Amino acid sequence: MTKSQGQFKLNMDGLLEVLAGSLYANPSVGLRELIQNAHDSCTRFVVEAKPENYGPRIEIEIEANTLTVHDNGSGLTYEELETYLTTIGRSYTRELRSHLELFEPEAGQELIGQFGFGFLSAFMLANEVVVETKSWQPDSEALRLMAGGGDSFTVEAGNREKRGTTIILNVRAEASFLTEAKILSQKIRQFANFLPIPIYLNGQTQPENEMKAPWKHIDQEYALRHFIEREFQMPPPLAIIPLQDHIEIVSHGDTIETPLQGFLFIPDSTITSIREYGDLHVYIRGMFITDTEQELLPPWAKFVRGLVESPFLHPTASRESVRRDENFTLVRQALGKQLSAAMHQIQQQKPQLWQRIVRGHADVMTGWAVQDDEFFNQVANILTFRTSQGEMTLPDYLKLTDGKLYYVTHEIKSLQEKVLAEGNSYPVIEAVWFAVRPFLAKFAEEHQEELELIPLDEEPTKLFKEATSNEFIDLLAASERLGIPVKVAAFEPSQIPALMIHPKDAEKWQDVHIAIENDELDPAISGLVSSFMGTRPKQEGDQGTLFLNASCPFVIQLSDPNISERNQQIAIDLLYQIARLFSGKTMTASMATDAFSSLTSAIGELIE
Amino acid sequence: MSDEEGKLEERYRLLWWNWDDHFNTDPDRAIAMIEEAIGIAKTLEEPYWEMEARHWLAQVLVLKKRDFTKGLPLTVQSATEARHPMYKDWTTRICLYQDLIAAYIGVDALTHAEAIEVALDRMQAEAPPSSQCFHCLFGERTSFELNRGNLNAAKLVGQTYLSNANTDYHHSYAQIHLMYIAFLEDDWAAVLRHAEAAEKVSRPHHVNNLVKALVWQAVAHLKLGDIEKGHSLFLQSEAERELCGVTFGMQYWTGRVMYYEFSGDLDAAITARQTHLNTIAGLGALREEAEAWLDLCRLQKQQGDIHLETLEQTRTAIERLQTKGGLPGRLEQLLH
Chain A
1 MTKSQGQFKL NMDGLLEVLA GSLYANPSVG LRELIQNAHD SCTRFVVEAK PENYGPRIEI
61 EIEANTLTVH DNGSGLTYEE LETYLTTIGR SYTRELRSHL ELFEPEAGQE LIGQFGFGFL
121 SAFMLANEVV VETKSWQPDS EALRLMAGGG DSFTVEAGNR EKRGTTIILN VRAEASFLTE
181 AKILSQKIRQ FANFLPIPIY LNGQTQPENE MKAPWKHIDQ EYALRHFIER EFQMPPPLAI
241 IPLQDHIEIV SHGDTIETPL QGFLFIPDST ITSIREYGDL HVYIRGMFIT DTEQELLPPW
301 AKFVRGLVES PFLHPTASRE SVRRDENFTL VRQALGKQLS AAMHQIQQQK PQLWQRIVRG
361 HADVMTGWAV QDDEFFNQVA NILTFRTSQG EMTLPDYLKL TDGKLYYVTH EIKSLQEKVL
421 AEGNSYPVIE AVWFAVRPFL AKFAEEHQEE LELIPLDEEP TKLFKEATSN EFIDLLAASE
481 RLGIPVKVAA FEPSQIPALM IHPKDAEKWQ DVHIAIENDE LDPAISGLVS SFMGTRPKQE
541 GDQGTLFLNA SCPFVIQLSD PNISERNQQI AIDLLYQIAR LFSGKTMTAS MATDAFSSLT
601 SAIGELIE
Chain B
1 MSDEEGKLEE RYRLLWWNWD DHFNTDPDRA IAMIEEAIGI AKTLEEPYWE MEARHWLAQV
61 LVLKKRDFTK GLPLTVQSAT EARHPMYKDW TTRICLYQDL IAAYIGVDAL THAEAIEVAL
121 DRMQAEAPPS SQCFHCLFGE RTSFELNRGN LNAAKLVGQT YLSNANTDYH HSYAQIHLMY
181 IAFLEDDWAA VLRHAEAAEK VSRPHHVNNL VKALVWQAVA HLKLGDIEKG HSLFLQSEAE
241 RELCGVTFGM QYWTGRVMYY EFSGDLDAAI TARQTHLNTI AGLGALREEA EAWLDLCRLQ
301 KQQGDIHLET LEQTRTAIER LQTKGGLPGR LEQLLH
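Going down the list, the sequences are from chains A and B. Counting in the numbering used here, the first sequence runs from 1 upward without gaps. Counting in the numbering used here, the second sequence runs from 1 upward without gaps.
Any given hint could be a false lead.
[Said to hold, decoys possible] Now the in silico label distances, taken between C-beta atoms and shown as ranges: (1) B:160 / A:503: 38 to 48 Å; (2) A:503 / B:315: 28 to 38 Å; (3) A:324 / B:153: 44 to 54 Å.
[As the list claims (entries may be wrong)] Okay, the calculated bits of chain A under chain B, using three or more residues with CB under 8 Å as the criterion: (4) 428-439; (5) 508-514; (6) 524-536.
Since the hints were derived computationally from the structure, they do not count as laboratory data. Keep in mind it's a predicted model, so treat the numbers as computed, not measured. A virtual CB, placed ideally from N, CA and C, is assigned to each residue, including glycine.
Isolated chain B (complex conformation) (with noise of 0.2 Å):
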């Protein structure tokens, strides 16, 4: 080996060992950093250091930059690189599979509800208990079913996740989705104490489900009757966003939207839905425009009338969409 390959090949541990720092708070500082690693492993020549780095970049993208339109087709082609003999032991293959699933699930799970679930089934069965992976599957099969509606089923798998997470990372994952699912069902005293254990199990590290975790405090105090204690946690929630470069999805702006809501400000609560569309348009998070959208009507329609420009927005999103499920029934009741 050369010197300047040295040079390279030690170069990329050492972005190796700290991108995933900037990950919660500085997502473009980390996809900076793997951009360069992947560049590096291709001089070197290092294909399994490539197909590493393009793991974690899939994962930024799609985890903490929510960017469908970047993160799909990379997560596309890794799957399928994959699929060459000198992968097939290798354990990384499994999250290169999984990170397709995680961005088909981000764009539009009922579409693809039939190919996920085959990639769920056919993965969880390969992946041994005692890999990571095992529990990344729990994690990835919570958000499907809780993506494409099956309340009950999200509730049930979310709960394994749950009992059986290893780690902070899994416990904070778990306890979100279940903390969503049980606003879904209304159930505010499930999402308080969800809420609360998520805060417990993502300082310091997991400071994206922190933010949600405090964001949905608060409206559960809000709900249950203690307002002060609602905004405080409120301001709490605004503080660790302000250290949090993430792009939230669905389940940050609602909890912010009801936030508003049940203070009675339902001018914030539009701002905030119209702040959620701006910040994924054009992300290709296809099913989430589309219920932003179909939110916005319903703010809009509480404070008078539903804006025309919404109403196009609206019918324009879910038209996008190929399995558009109950969105267009949801709409003409709006409308009715």
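In isolation and in its complexed conformation, chain A is listed as follows (with noise of 0.2 Å):
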């Protein structure tokens, strides 16, 4: 086969209705596109007529199934339509505002329209659209576009008389749900609500858009506590976060500047995987983009939601969603840095209110950090965790434990532990929520020739000290005839005696071991159990040590060589069977009976 050149075609009839019929996934989104391109009409008549008194207003009316847009903006010319309107991909917005950056950059951001596609949403909206125009310019004649889907239209003489354009859609029934007076109100302040000029609903005198975004006006914070209850149904935040232009100085002299408007907030809770947020709301050039927006923020930003306005932010030719380019992540780090400034700032000049952010979102907080080190490195040293002596951040409570992490991962409750923790001073921390001991441990790993993490739960006798056994030799052996498995240590409060110390999991294991004994295990599985702990390395005292404590008055008598042993045994049993009561353990009837029973002997013993 010879070797020839091609040129791609268009089939009109199949492009339009692929256009009109997919590119938006919404109906409504087709109000959206008239609004902008009234709105854009308006501005070009500011800048291309430079009028002197000037009021720009659209007007939208519905009567039974027509819907009406009107604006007293630039008009069409007879050329503009056939160049700009009628010809697909080509936007006079987008000329015009390419043009003005050149020449009056401000006025270029004023304007919206980019792709030429916006007049091919009303095809969503009706099936034939008729558009009455007049253009600004001198002497021009009023005209008449009629089109009925299909490629083609006409255009003929019209009757309007004042300047501006007039769309008139006879509505499809899939979109009639906008010819409720209501809803199409709504609409409106979805999509228009901060667009500068007024629109006016079937002759209102009040506009139905507010004109002016929340984080403009003069009272700031009511404006936009006010428009989060109302715009994102939630309770009054613990913070609000005004955004502001952000400047990077990305090299020696040279600088980035992000322009941002809008605000963060930060609900009153989240929970981890569950009620997390991170989604924003995104205009641009005042207009609506997006309500869903989930990764402008930094992923670990799920605390916070917010509305963001770019002129940077390019929206998809759908202006459904926004590109993920260059400026899409300029923003996203201008958010990044300005929310962490937030975050200190309050942690710093308003501690109570960062108590109750964190209270609120420790499990989303605690867990991104442990997944995101760049927010770990933001939020390690500014958290709060609930310890047995308030909340505290880690540097301050490791100014009171030398170093040591100490935590346990149920509530404080047990006595036992209560007492130790209280009596050496040192604050515990409670890692109850899931995403708290992680975070330990890779403060731990981070700091880690400093740091020590005690789990308290499974190893409380680090809160102890070593003691010579030498001076407590005739008590322990004293102990030991008796079978009680002790040894001695100090710790504090040295008011009590003794403690029982029991290895982790150890009721389970006497449970395992009372099984097997009693041959309770059902057939199916005996042979792995007693497999497993035929193997399992002999655990010391899956039954509990009994810790005597050196530093206590009353054991320093005990240990009196001038005591009989019998005593020392009869005071080491009564110790004993308090300890274990004291120790917040689970006892079995036969346990409880047994501890009775040496409590009575004991006393006995004394009466006598």
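Starting from the two chains in their separate frames, assemble the complex, guided by the hints.
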């Protein structure tokens, strides 16, 4: 075959069907495009005609199934209708903005349109569209364009007297919800609330849109709270962080300025994996793009919501989401930095508010800090943790414990742990919520050389100090002959003579021993369980070890060689039984019976 | 119920609903969530809730982390506790027993073969065919036969497991087992067929099996001569592995080693096996460790000589096994 060159062709009917039917996810987007065209028409009139007294306005009317959008903007000439409105992919606004960027950049920022697809969206709302227009340019004629889908349209002389454009749509059944005044009003507010041009519905005297973003109000705080309650349907947030243009120094003398407006807010609470946020409403040049943007905030910011307005962001062609490009990354970085700075400021200047924030979001904050090193570095020193002595940051905590992190993975309710912790004046961290322990582990890893992580549930003896056994040698021998496993250590408070310490899961292992001894296991698994217990390394003290307190005056007195061994044994037995009860471990009926029989016999000997 | 108890109950429910989202992607997070739930159940004195959470903790430790030093004691304790009359008609009781079996299969199926077989027989007789346990038990039985080297039995049970499978989960595991059995039988067309089928049913939830399915497709394509496709599938498996936080065992690592061997990169194959050994070191997978050391000997021999340290480690690993099976003989063969 000989080599040949060809050119792609367009099937207009097919293309129109695809663009009008599939470019946008929702027919109501068609309304947004019509409002935006009307807005740009008014802006264009200001830029091109430079009128002295001009009150731009957009009016929307519904009557039965007819939706009409009027503007008093620049209108269109026959050439403009041909060249721009009816040429898909060619946008007068885009070309005008490019021109203005050179001469009047601020005026260019006001324009929204970009792609030249917007008019197509009218066919999502209606099968037939009529455009009545009259240009501002001298001697322009009124024109009427009629299009009924497909690739053809007709233009004829119109009878519009005033400058501007009117679009008349005979609304399709699938878009008929927009002919409900209440829904239409909602949609106008959703899409165009911050547009500076008033939009009137059905001849009302008050515009539907507020025309001013809440962060531009004099009482910004009040306006934002009210806005969040209404638009995000949320109770008042804990904190609101207004956004501002972000200037980043990238190298010596070079900066990147990211234009940024809007606000972030921290709701009252989140729950990891379950009720996380991290979503933003996004506006570009005052026009609504999306209220479900999940990737613009840094991934760790799942305790934050907000609204961002930035002309730096680029919409996709359907303008229902934002393009993931270099500018997207810059805006995300800017948001991350402003949020971090705000968190640090709150922690420094409003500690009580910071505590409420951390309490409400502890789960998500600690969870994401474990997962994300960048966030961890930001919050490692400012997150507060519940301890037996109140909430505190880890650096403050460590000042009290000489570089040791004591924690328990349950609420500190066992009297024994409380006594141990308080006796040593060490606060104990409640690592009840699941992310706390991995967070502490990460924190300890980062400070490898200075820090020790001590799980008191598993290693309470870490609060003990070594004691020389020499002076207690007789006492230990007496205990051994009594069959009670006893060790000596020094611990605070010194008033406590003894504590019963069980290794982790001691009760469960006791239960396994009992099940095997009493032949209670299900035959299906008895072989496997017995096999395990047969090879399990012998654990010291599954039944618990009694630690005598070498700092306790009573224990010192008891170790006096002048006391008879029998009396020492009676005393140790009493301490043993009390310590068992005191340890917070469940006792079986036979253990309780043994305890009481030991107690009564010891008391009996004392009475004698 | 007090407000505080109500909040804890709600919290337990939320954790319960959500922890399995992290099983394959971030099992440490899942473990932390389950451990918190166990603490809540203890505080609320809800033994069923505690046992339920302990079952899922065992699942993550044994199946996702392959940490038998922590998983096995937990399953022993839970299975023992389940003997109490209050759990008699509680369906999760069988799951707790299964966890124990799964843990022992992972530790050393051959040494404990007799006890595992008794457990499987009794439980298969007990589990109603309409229950999920019924399917899980076929999965365990396939894994058991495979791990103790009964290929014919493994294939037969694996096929039954597959034909009965009622969820993507079971389909996925059945195909992965049959894929590995086909590899051991040197039937590469079957390896590819099962790996492709496993890929289909493993997306999107069973990413651990997806990684295995892709790596074995890669190996099979290399073996069957489609080099380009093999490399492409290997890259896909690498991309999926990035998203997967589980600790992989013999089925994955052997696939990876074979991929490098068939690519002619013996250094990479040796590194892969060493990584496998580092990954499972100290986790209590005794037979897998011995097999992996032995395979490292094989690879090093292909390269020249078996390193002295490798040989010592292999002997120690074999020595630790109560029932050594054919391992000492295979080592001797390599040495001569």
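Against the structure, the hints come out as follows:
no.	hint	verdict
1	B:160 / A:503: 38 to 48 Å	holds (44 Å)
2	A:503 / B:315: 28 to 38 Å	holds (33 Å)
3	A:324 / B:153: 44 to 54 Å	holds (52 Å)
4	428-439	holds (count 6)
5	508-514	holds (count 4)
6	524-536	holds (count 9)
Hint violations for this structure: none, all hints satisfied.
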